[in-house]
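Chemist: Chains as they are written, first to last, in the numbering used here: chain A, 1 to 258; chain B, 1 to 380.
Take these hints with a grain of salt, some might be off.
Cβ-Cβ distance ranges computed for the label pairs, FRET-style [to be verified]:
1. A65(B) <-> G39(A): 46 to 54 Å
2. A65(B) <-> P94(A): 52 to 60 Å
3. E58(B) <-> D240(A): 47 to 55 Å
4. D208(B) <-> E256(A): 52 to 60 Å
5. Y16(B) <-> S140(A): 45 to 53 Å
6. G39(A) <-> E58(B): 36 to 44 Å
7. G201(A) <-> E149(B): 50 to 58 Å
8. R257(A) <-> L290(B): 49 to 57 Å
9. N273(B) <-> E256(A): 44 to 52 Å
10. P227(B) <-> S74(A): 32 to 40 Å
11. V132(B) <-> S163(A): 43 to 51 Å
12. S73(A) <-> E24(B): 53 to 61 Å
13. N273(B) <-> G201(A): 36 to 44 Å
Covered, in the sense of this in silico footprint (three residues per stretch, anywhere, with C-beta under 8 Å from a C-beta of chain B), are these stretches of chain A [what the hints assert, rightly or not]:
14. 80-93
15. 151-160
Partial pick of chain B residues on the chain A-facing surface, computed with a CB cut under 7 Å [claimed, not checked]:
16. N171
17. A365
18. T368
19. S372
20. E375
21. I376
22. I377
Derived by calculation from the structure, the hints in this document are not laboratory data.
Yeah, the Cβ is synthetic: ideal placement off N, Cα and C, and Gly gets one too.
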Amino acid sequence: MTIAIGVDVGSLCTKTVILDGGNNILSYDIMRSGHYYKGAAEESINNALKTAGLRKEDVGYILGTGYGRGAISSADGQVTEITCHARGATRLFPRVHTVIDIGGQDSKVIGIGDNGRVTNFVMNDKCAAGTGRFLEVMASALSVDIGEMGDLFFASDKNVEVSSMCTVFAESEVISLFAQGHKKADIAAGIADSIARRVVGMVGQVGLKEEVIMSGGVAKNAGVAHAIGKRIGTKLLIADEPQIVGALGAAIIASERI
Amino acid sequence: MEKVLTEIAEITADPYGYVAGLKERKEKKVIGCFPMHIPDEIIHAADLIPVVIWRGNEPVTWGHAHVPPYDCGITRSFVDDAVRGKLGFMDGMVFHVRQCLQAGEFPFIMERHVKPSYQKVLYLPALYPGDVMRDFTITELEGFKTSLEEFTGKKISDDNLNKSIEIYNKNRGLLERVYEIRREKPEILKAREVMQIVWSSMFMLKEDHNKLLTELIKGMEAKTVEPEKDKIRVIPVGCLCQTLQFDILDLIEDLGMIIPDDDLYIGSRYFANQVNLDGSPLGALADRYLTRTPVCPTKGVWQVHWGDEAIKKMRDNDARGIISIIVKYCPPHACYYPDFKSKMEKEGINAIMIEMEHEIITLEAIKTRLQSFVEIIGGV
Chain A
1 MTIAIGVDVG SLCTKTVILD GGNNILSYDI MRSGHYYKGA AEESINNALK TAGLRKEDVG
61 YILGTGYGRG AISSADGQVT EITCHARGAT RLFPRVHTVI DIGGQDSKVI GIGDNGRVTN
121 FVMNDKCAAG TGRFLEVMAS ALSVDIGEMG DLFFASDKNV EVSSMCTVFA ESEVISLFAQ
181 GHKKADIAAG IADSIARRVV GMVGQVGLKE EVIMSGGVAK NAGVAHAIGK RIGTKLLIAD
241 EPQIVGALGA AIIASERI
Chain B
1 MEKVLTEIAE ITADPYGYVA GLKERKEKKV IGCFPMHIPD EIIHAADLIP VVIWRGNEPV
61 TWGHAHVPPY DCGITRSFVD DAVRGKLGFM DGMVFHVRQC LQAGEFPFIM ERHVKPSYQK
121 VLYLPALYPG DVMRDFTITE LEGFKTSLEE FTGKKISDDN LNKSIEIYNK NRGLLERVYE
181 IRREKPEILK AREVMQIVWS SMFMLKEDHN KLLTELIKGM EAKTVEPEKD KIRVIPVGCL
241 CQTLQFDILD LIEDLGMIIP DDDLYIGSRY FANQVNLDGS PLGALADRYL TRTPVCPTKG
301 VWQVHWGDEA IKKMRDNDAR GIISIIVKYC PPHACYYPDF KSKMEKEGIN AIMIEMEHEI
361 ITLEAIKTRL QSFVEIIGGV
């Protein structure tokens with residue numbers, strides 16, 4: 001019963017991480033949350049258990065996090081994604097002091113003390129501009145697959161400014177830039193930089209302290225990660241699977257509660 | 001005690017209906033005062049009903065033709081209520097236009113679109129470096145008194161004024177006693193109940209409110225409560241001149257925190273400091289206005305730092321954190337907040353800022369912030 005599970009039910013994706021008694025990752029799962037968070041959480045847990053060759057009876061504690069943390073019926077407890085991202089980040093990169101997490105519909109910057117605990121944080125409040133959903137809408141406006149957007153950034157040779165921070169208005173702006181004859185790559189780079197400018201403002205509120213990790217699905221977009229790193233003037237650490245940092249943190253806290 | 005709390009909850013659920021009914025029952029004129037500093041004892045002494053203007057709960061509609069969407073909630077809500085005719089029971093209005101930039105808009109809008117029978121604009125000093133400001137304040141209050149005398153056709157004697165101040169002092173004393181009991185046993189009242197108790201004082205006749213408070217205090221003194229020692233004590237702080245959405249207060253409590261005291265206008269700030277009855281009544285009212293604490297971002301008091309006061313309140317109540325509540329688009333509070341935040345950081349105080357708006361209340365996001373705050377304090 002030393003198996004611990006962390007489940008991060010986000011607005012776009014649900015992530016599960018399973019740890020053994022020595023806090024080694026046995027398996028993880030990432031799937032779309034859809035509209036039924038409760039079902040997504042259970043499915044993701046079952047997927048991860050299957051991969052690890054475990055049964056639910058083997059599990060000592062399940063901890064939920066993310067916006068849907070209250071909807072996980074099999075969870076023994078819940079902790080916010082702020083705390084979980086900090087814990088996950090320090091496990092992956094012990095010298096980390098700042099986390100930039102950009103998920104499906106929110107973005108946050110978290111300050112971490114030398115003891116690995118959260119000292120302060122800021123979150124976007126009501127607009128989802130600059131998040132994963134924003135990138136999806138922009139990819140659709142550019143008529144490219146979201147996976148291609150990061151590569152497009154590096155093909156840019158001209159600065160195009162996407163000034164709007166509202167997803168809907170930014171979409172109109174992209175269409176208008178197309179009409180003006182700008183290249184897809186330049187517009188993609190402009191979009192990445194618009195996200196970076198937004199993040200820089202949040203980093204300023206928390207206070208930049210190295211090392212800096214970027215987590216969340218948007219960290220997979222190399223263009224955005226590069227733009228943020230350039231704006232804040234430091235290299236961003238990115239995990240092999242940046243989407244599971246929150247779930248990993250949740251699993252670590254779960255293991256402490258067994 | 002429960003009966004009084006239910007009555008207060010009903011009164012605060014519909015302040016419009018309550019004040020309109022009060023006017024009819026008492027056959028007196030109603031004067032609306034914009035929060036937070038107008039000495040409504042003078043209105044009371046003129047045999048009128050003073051009420052502190054409040055933020056309604058409806059979305060702003062026609063009001064946006066008169067004030068921009070980047071004004072604060074109470075500004076937009078009040079203008080909306082006024083131009084839609086919802087404040088028809090108010091015979092007069094008083095504004096202190098040096099309080100904030102937005103308050104300066106009201107007299108023009110009201111004069112043009114609402115046309116109350118009586119309107120008075122006060123210019124109370126925002127900075128008061130010396131005695132000259134005391135004299136200036138007294139002159140302003142004398143002008144205020146004279147304008148009310150002209151409106152009613154009746155003189156306001158010092159005797160009338162002293163009697164009104166006495167009633168108001170009694171109200172302040174009773175509210176202080178409610179807070180004192182709450183500090184001893186914070187579980188006795190929900191935070192929303194405390195806010196309703198103070199808010200009801202702002203638009204009820206003080207004589208009626210004093211009766212309610214006297215009965216409430218008897219019940220509170222007699223009631224024993226089980227201390228909830230696992231709860232995290234926190235102090236909400238903010239100069240916001242309007243009621244919070246009660247859901248935010250509920251959320252704070254639902255997440256395992258408890259509020260033994262506060263530093264809010266619709267809270268302890270409203271009844272802080274009595275009016276000294278030894279000298280001239282207007283001089284005494286001016287002195288209360290010019291008192292340096294509680295510190296307020298709408299009055300420049302450089303000698304006292306708001307952060308120090310808040311930290312003292314936190315420590316006096318064995319609290320473990322401070323929750324700053326800011327109303328979006330409140331310039332005075334927004335200007336003061338960076339200093340406040342720096343002080344919290346310098347002193348190593350657990351502090352968080354929550355921003356509230358009139359229409360949109362992103363409770364889920366606020367919940368995540370507050371829960372994270374609890375986790376930080378709790379060392380998760």
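Chemist: Could you run down the list of hints and mark each one as holding or not?
Modeler: Do the hints match the structure? See the list:
Distance hint check for A65(B) and G39(A): the Cβ-Cβ separation is about 47 Å, which falls inside the suggested range of 46 to 54 Å. The supplied range of 52 to 60 Å is met by A65(B) and P94(A), whose beta-carbon atoms lie about 58 Å from each other. Separated by about 52 Å at the C-beta atoms, E58(B) and D240(A) satisfy the suggested range of 47 to 55 Å. As the Cβ distance of D208(B) to E256(A) is approximately 55 Å, the hint placing it in 52 to 60 Å holds.
For the pair Y16(B) and S140(A), the supplied restraint of 45 to 53 Å holds, since their beta-carbon distance comes to about 48 Å. Range check, G39(A) to E58(B): Cβ separation about 38 Å, and the 36 to 44 Å hint holds. Range check, G201(A) to E149(B): about 54 Å between beta-carbon atoms, so the 50 to 58 Å window is met. A C-beta distance of roughly 55 Å is found between R257(A) and L290(B), which places it inside the suggested range of 49 to 57 Å.
As the Cβ distance of N273(B) to E256(A) is approximately 49 Å, the hint placing it in 44 to 52 Å holds. For the hinted restraint 32 to 40 Å between P227(B) and S74(A), the CB-CB distance of approximately 34 Å keeps it satisfied. Here the CB-CB span from V132(B) to S163(A) is close to 49 Å, well matched to the stated 43 to 51 Å. Separation of S73(A) from E24(B) is about 54 Å and conforms to the stated range, judged on CB atoms against 53 to 61 Å.
For the pair N273(B) and G201(A), the supplied restraint of 36 to 44 Å holds, since their beta-carbon distance comes to about 40 Å. Coverage of the stretch 80-93 of chain A by chain B holds in this model, with 4 residues showing a Cβ closer than 8 Å to a Cβ of that chain against a need of three. Only residues whose C-beta sits within less than 8 Å of a C-beta in chain B count toward coverage, and the stretch 151-160 of chain A has 0 of them, not enough to reach three; the restraint is violated. Interface hint status for N171(B): violated, as the beta-carbon distance to the closest one in chain A is roughly 38 Å, over 7 Å.
About 6 Å separates the beta-carbon of A365(B) from the nearest beta-carbon of chain A, less than 7 Å, and the hint is met. Hint status for T368(B): holds, given a least beta-carbon distance of 5 Å to chain A, under 7 Å. Restraint check, S372(B) versus chain A: the minimum CB separation of about 4 Å is within 7 Å; hint holds. Of the supplied interface hints, the one on E375(B) holds, with its beta-carbon coming within about 5 Å of a beta-carbon of chain A, less than 7 Å.
A distance limit of 7 Å between C-beta atoms decides the matter here; for I376(B) the minimum to chain A is near 5 Å, and the interface restraint holds. Hint status for I377(B) relative to chain A: violated, with the closest Cβ pair at about 10 Å, above 7 Å.
Checked against the numbered hints given earlier, the structure breaks hints 15, 16, 22 and satisfies all the rest.
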